[in-house]
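Please take these sequences and the hints and turn them into a complete structure.
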Amino acid sequence: MKKLPNKKGYFGEFGGKFVPEVLIPALSELEEAYRRISKTTVFKRELSFLLKDFAGRPTPLYFAANLSKYAGAKVYLKREDMVHTGAHKLNNTLGQCLLAKHMGKKRVIAETGAGQHGVATAASCAKLGLECEVYMGEVDIERQKHNVLRMELFGARVVPVYAGQKTLKDAASEALRDWIANVNTTYYCLGSAIGPHPYPKIVREFQRVIGKEAKRQLLKAGISADCIIACVGGGSNSIGIFYDFLGNAKVKLIGVEAGGEGLNKRHCATLSKGRIGVLHGTKSYLLQTPDGQVSDVHSISAGLDYPGVGPEHSYLKESGRVKYAHAGDLEALEAFEFLSRKEGIIPAMESAHALAYLLKEKEKFRGKTVVICLSGRGDKDLGIYQENRGKRYGY
Amino acid sequence: MGNRLAHALKRKGTLTSFFTIGYPSLSASEKVADALVEGGTDILEVGIPFSDPLSDGPAIQLASSTAIKTGATTKKCFAEIAKIRKKHPEIPIVILTYYNKLLSLGVETFVHESKKAGVDAILAADLNIGEGGEFERACRKYGIKTVYTVALNTPARKIAKIAARTTGFLYLVSVFGVTGTRRELPRELAEAIRKAVRPAGKPILVGFGISAPSQVKSLSHSGAFGVIIGSAYTKLIAKGSGKVFKKLTHLSKLFKSALVK
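These protein sequence lines are chains A and B, in that order.
So the first sequence is residues 1 to 395, counted in our numbering.
So the second sequence is residues 1001 to 1261, counted in our numbering.
Please note: incorrect hints may appear among the correct ones.
Beyond 10 Å from chain B on every Cβ pair, some chain A residues (computed) [as the list claims (entries may be wrong)]: (1) Lys3; (2) Thr40; (3) Ser48; (4) Asn66; (5) Ala126; (6) Glu131; (7) Lys166; (8) Leu218; (9) Gly222; (10) Glu261; (11) Glu337; (12) Glu387.
Computed from the model, here is a short list of chain B residues facing chain A with C-beta under 10 Å [unchecked claim]: (13) Leu1054; (14) Lys1101; (15) Leu1103; (16) Ala1124; (17) Tyr1148; (18) Asn1153; (19) Thr1154; (20) Lys1158; (21) Phe1176.
These are computed hints drawn from the structure, not numbers from a lab.
No residue lacks a Cβ here, since even glycine has one placed at the ideal position from N, Cα and C.
Shown next as structure tokens:
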């Protein structure tokens, strides 16, 4: 298997660095720092300590007996919901913030949608003694209030973004604008496997811990997985769990995007409905109008509410190695309730999309061994659940 | 006709004036252009609006989103440009947009259509020489000049490299940050201009943040070949008073007369 991205940051025809010249020195500095620092014993030791004792890794690979019975398959959940702060996001922020610290950067900025990446960045900065500012769309602030409070508790400043749709995309744009203005002093901690090179690679490398652990846990238990399912917004939890299985053709990999209200209405199914474009510094599939404006998108889960997707996913779609599907708002709601009732686990609304795909296509998985990346916990989604539960029953 | 831009860049002291096509309306674009040309503008820079303008501050963000709402598609922008070209056959026109607008139409088609509309050069704000291959090939094919930006943190050696790939002028971004008027420009700017002149080896136009004629004068003295003004006009248009076109002409005159020839 070819090692990607290549030197220019491309996965096939996807990726690259589509940014103004002012950011080029900073991206080169980051690339160089990552190459130099992340391989040192000191860094590796510090990160592995943080992942173990601060984040609570390894996370269990949990056999969901009741779910399995219902689905007629053997279903294992990779419990990223048990990571400190509530989602896989911390794997990446600990890595990046530690890198920032080693680079001598004092200020860290981040964008956030559901607030999970913001919370994880804020917690990492608190732990590592870094100043933290998080950009968050006004709409997301409203639908994820508790996460705003959590960030503030960790000492971060949450900056509301009023531009555009006031969600994740606009928060990322505003964070990039901040980075352009403060490029000499600030580390931009990007939360997904998107953005200009080297971000898609760095985020993947820090999230690979999910897949590496799962692989080890499967091996130890003497189980071979037939299929791995993960949700895809920008695509960090999915690339994290997929990557170490890419070489094993026996394992089917499925990424589930947010189908929102339906693919002929508002949704975030970038890989199903998008065409190639450039947003936030990377060339990848993009939901855009025929005229090349980025589309307004929608998902019940703020974390999947993004019109783009990581370039490596575009590559994996083209190569056919990963299959990309979608689950809609109501299907996700149903899965959200289902896992809560049957397994006593409230999944994040994002992760519920992966689960929803299994539930709606359960015939396809009959008798198979399936691993689902349960990327986060759903405590943050109770407000959304309360607001939308009626829809599920058609009230 | 092919040397409109070269002609405008023969003598120091060029004023480049930017406005977003479709702001406040498609039909106003031509009048805005007229007003700016009347004020002594040497080069017109026209914005084709993009939904996610990463390099722009609030004024041009608002102009872009409004323009998109008023129906300023790429196709309609080309039609407006063609009108401006017809009325002002001598003025160089530079498109400023974002790369997705090119990619969406097809880079080659975009460049070809620009040429047909009478455009002289194209600058995509989020494109740098590392990704500019396809863009440059298309520009060579259709005889459109390329423009790239350099920043305050671009080393001299890189400036030379970028200048070599720029067939129009070199756009020096005056601030760390996005477009938008600023009362003060960074202290290191004068030094950066002086240092860039030699490696650039071609005209350097300084843009971003310029709000006052006094700033223009001092940039001019530091060796800037000319300046690019955008947000100052855009804010004026946003106010939307009845005399907006007269005011644009007046402001353009003020900037032009502050330039050192």
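Which hint numbers doesn't this structure obey? Structure breaks no hint.
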